[in-house]
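Chains as they are written, first to last, in our numbering: chain A, 1 to 111; chain B, 1 to 111; chain C, 1 to 111.
Keep in mind that the hints were calculated from the coordinates and are not lab data. One or more of the hints may lead you astray.
In this list, chains with the same sequence are indistinguishable; a pair is considered to hold if it fits within one copy or across any two.
[Claimed, not checked] Computed list of lysine-lysine pairs in DSSO-like fashion (alpha-carbon distance at most 27 Å, straight line):
#1 Lys18 with Lys79
#2 Lys18 with Lys33
#3 Lys30 with Lys79
#4 Lys22 with Lys100
#5 Lys100 with Lys79
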Amino acid sequence: MLPEQGHLLRIFIGESDKHEGKPLYEWIVKKAKESGLAGSTVLRGIEGFGAKSRIHSAKILDLSTDLPIIIEIVDELEKIENFLPIIDEAIPEGLATVEKVHVRFYRSKQK
Amino acid sequence: MLPEQGHLLRIFIGESDKHEGKPLYEWIVKKAKESGLAGSTVLRGIEGFGAKSRIHSAKILDLSTDLPIIIEIVDELEKIENFLPIIDEAIPEGLATVEKVHVRFYRSKQK
Amino acid sequence: MLPEQGHLLRIFIGESDKHEGKPLYEWIVKKAKESGLAGSTVLRGIEGFGAKSRIHSAKILDLSTDLPIIIEIVDELEKIENFLPIIDEAIPEGLATVEKVHVRFYRSKQK
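Only chain A is shown next, with the shape it has when bound in the complex (with noise of 0.2 Å):
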């Protein structure tokens, strides 16, 4: 269950960016999981630009490419609070935003 007033946790990475020798936002996937969070979700971008500066894009063909990953954690604060020190140091570069969200439902099958 999820309390009406939740909150959305956002993690700005690399694509490129490893922990434990597995990318980085794997490894905080399996972290949030871990941590029982109700659930979270990957996105890649197909450009831009963040602590490291250099633009990348999916367009240029280049092995270097390092897209801009958002992995975004709905639960309430203090689930939220208490899971990041747990990925603190394993993100090097990166920006991290905390918002307040209104749960409208959330729901699942149970098997």
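We have chain A already, so just place chains B and C on it with the hints.
Chains B and C in isolation, oriented as in the chain A frame:
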């Protein structure tokens, strides 16, 4: 026209969810258009987990892969409130959030 | 550096929109970088409709397909307010929203 104080509805479902014989996200976009909402955008994630709990990834060559979908709709709160009951029963699993946004411009070329 | 109280600017346009001979989203990202904004991310939707009203879908093999694009920029409000007039005239059709976000971290490796 959109008022300056708008709301953003975000619906998190799975790509393989169906309704009335078509992908659920296509059905929701169709209903949003029929309902006169100002616009909608469908984003497909490359990985994620949610109500169904398994982690899905675009990297695994698995026909059962069910990638996360986010549908975003910006409009005034009243229109979003009227729209939610229309789609509610079609979504057995998923998450919907609403948040306030300031609309800075909304413009279209008249044809 | 970003202040703890940041703002998220989201610009909804079409992939086929052009400005000064290049895709409008590339032009906006270039202007964002020139303006010293902290970062930007371009997301491409797989379906949507907006000001132009037709539903566009990545599934239809149609050369005229104009998929939805969302450009996201996180920075302090003043920088976003200064940036909007720079891009305003280049966007004949589209939507721009601004919302408050809490910046939890923004970090870069110095090179």
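Q) Going through the earlier hints one by one, which of them does the structure break, listed in rising order? A) The structure conflicts with hint 4 only, although it agrees with all the remaining ones.
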